[in-house]
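Q: Given the coordinates of chain A, work out where chain B should sit on it, guided by the hints.
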Amino acid sequence: MAVIWVRTHGSLSSHSVKEGLDKGDGAPVMFQGKKLKVREVFSRLHIQEELVSFVAINGVKSAKDTWVTDGDKVTIFALVAGG
Amino acid sequence: MSYKRKVLRVNLTTGSAATEPLNEAWAEKYFGGRGLAVKYLYEELKEGVAPLSKENKLILATGPLTGTIVPCSGKLAIITKSPATGGILDCSIGGHFAAQLKFAGYDMLIVEGQAKTPAYLVIDNDKVEIHDASQLWGKGIFETESQLHGEHGAATSVLSIGPAGENLVSFACIGSEYYRQAGRGGVGSVMGSKKLKAIVCSGSTGVAVPDMSRLLELTKKLTKENVLTDDNLWAYTVGTSNIVDMSNSAGILPTRNYQDGVFEGAAKINADSIQKLHPKKKACFSCALGCGNYSDIKGSAVEGPEYETLALAGSNCGVDDLRAIIQFNADCDDLGLDTISTGNVLGFAMEMTEKGIKDFGVHFGDIETYSKIPSLVAYQKGVGEELGQGVKKLAKKYGTADFAIEVKGLELPGYDPRGSWAMGLAYATANRGGCHMSAWPIADEAFGDVDPFTIEGKAQMVLDAQNYNAIKFSLILCDFWALSIETMSEIMSCVFGRDVPVAELEKAGERIWTILRLFNVREGFRVADDYIPGRFLKEPLKSGAPAGKLFPPEKFNSMLREYYQIRGWDDSGVPTPEKLKELDM
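Same order as they appear, the protein sequences are chains A and B.
With the first letter of the first sequence counted as 1, position 17 gets the number 17 in the working numbering; the numbers rise by one all the way through.
Position in the second sequence counted from 1, then plus 1000, gives you the working numbering.
One chain only, chain A, in its complex shape (with noise of 0.2 Å):
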């Protein structure tokens, strides 16, 4: 069993904060094996991908495919305009 410590951000945050799942470090999302992929994790957290901006794994941008391993904390970004 690995878990992995997802963040939602912006209008997303209703699939992690609101249900109280994160209590400030991310929300434990945890999976059979050693990798999962990024999209599987919105899968998880009922999370529409095309209301995804982009994803963060440890503070860096990566691509939505990038798998994650045991450990890794996963931010995710919601759509946003302007500036």
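Certain hints may be false.
[As the list claims (entries may be wrong)] Computed cross-link-like contacts, EDC-like style, restricted to lysine to aspartate or glutamate with a CA-CA straight-line distance of at most 16 Å:
{"id": "1", "chain 1": "A", "residue 1": "64", "chain 2": "B", "residue 2": "1451"}
{"id": "2", "chain 1": "B", "residue 1": "1127", "chain 2": "B", "residue 2": "1020"}
{"id": "3", "chain 1": "A", "residue 1": "64", "chain 2": "B", "residue 2": "1444"}
{"id": "4", "chain 1": "A", "residue 1": "64", "chain 2": "B", "residue 2": "1449"}
{"id": "5", "chain 1": "B", "residue 1": "1280", "chain 2": "B", "residue 2": "1296"}
No lab work stands behind these hints, which were simulated from the structure alone.
A: Okay, now just chain B, sitting in the frame of chain A:
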């Protein structure tokens, strides 16, 4: 039609105020806001007018949606010739002033001339008066607004300048409702040069639309299905501070005068840190999004800080103390300084100091000196006198253009184009200078799935975004509402009571972009003015996802040439006669 069909013209030299019919032929082609006001300025201003002379004009424009119940339509456009760039300057400001001006009976206010002594303007429907502002001169925006509300009623809307505008600082802003600003390009100093301290406005008429019940139904539908949706609600839930983590993760957060794109202190100045202050919400007229996050820490009240302030006055100055940034933000708001340019010029001064080029007495991360800068700049004292000239003039004086982060004299906002090449082109070609409000390809590149390090298709991407924003900001719809041009067409057809097809709006968008360009061309702007700072072309980023990347000069030049070609401009960046004919100009 939703226009008032009336323009108010005030001449501060003669002390006169008169109304005239709105030029409806121009309104047909330029709609309102940015587009219509620039058309007026282009026609009325002679080439070469000094921005701070009495010959320059300040135009405050509403749009065809102002004062209606259409969502996110509450902003005001302010147009003038910029003292920072010598070119066109278009700003916008949130709050309630625009609706008040429309309710007072005017589509537009044109301020001309120069008062002999400090003055402020009071507009109460058709009663227009110029008052003595001697007692207000020298006061900050907060006190000015408070006093004027006390004198003219809390229900009035006020635009005012602080000491920075009075002292003609090149990046002085105009403030309203304490924490809203028309920030960029020195618009506050144009007001200061006219000795105009403030404008107070109240109106009590309505705005007519052809079919109110249809507009009500459309507004309800749009608000539910198109505004309060996941792709817009970020503005309500956390606001722009959310972008700190995004930029930092993408490696484009300006850090220590853009020497890097990853800031080690980002977690201390991000949205999470601001949310711990439990900000209250504020909204502009007719806005369902309510993006304003109002915080108050021990008397330092601000809305925000917004992303641009956190980036330029935070990471760009090496400052990770949120309370210090909030105080800096509050001081800038009160003194009437643009936080983007103030943070940018300060980061530039810090780098010059640390490189031993010129000792401004400021260092990255040194909060003690950092906190004194807004006041020194606004009052033009000590090092503030030099810093108030802006980055471009300082760079020329000290021969430091390579790390002067400006375009056309306007300091850049918070996105490093080495991690988003299309953003580099957007900066270079923005008519008001280094600006993120003309196009924001960051969303697709650094924050999206489009490869930031190719030039294929990028000229078209930037151009499309510029045309889209040109019409959006002329109808005056807020940047934070991500709506399609088809939705704009639906709204305009309802408000005008005639079919306003997408093609008409698209053509108007291109026409508006072109008139902005023509203004600058008349002032002598050419291809050499469409540049990006040397640092981005020569120095690779050090950290994060785009580490090792720069913007190769040949790629930039190639992209710019393609952009001119698609635009129908010649090699020097001037729109061709054929293009002007095509656009009915």
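Q: Take the hints in turn and mark each one as holding or not.
A: Hints, verified against the model:
1. Pair hint residue 64/A plus residue 1451/B holds up; C-alpha atoms about 14 Å apart against a cutoff of 16 Å.
2. Using a Cα cut-off of 16 Å, the hinted pair residue 1127/B and residue 1020/B holds, with the two alpha carbons roughly 15 Å apart.
3. For the suggested pair residue 64/A and residue 1444/B, the alpha carbons sit about 14 Å apart, so the restraint of at most 16 Å is met.
4. Note on residue 64/A and residue 1449/B: the hinted pairing holds, with a Cα-Cα distance of about 9 Å set against a maximum of 16 Å.
5. Taking the CA atoms of residue 1280/B and residue 1296/B, the gap is about 9 Å. The hint holds against a cut of 16 Å.
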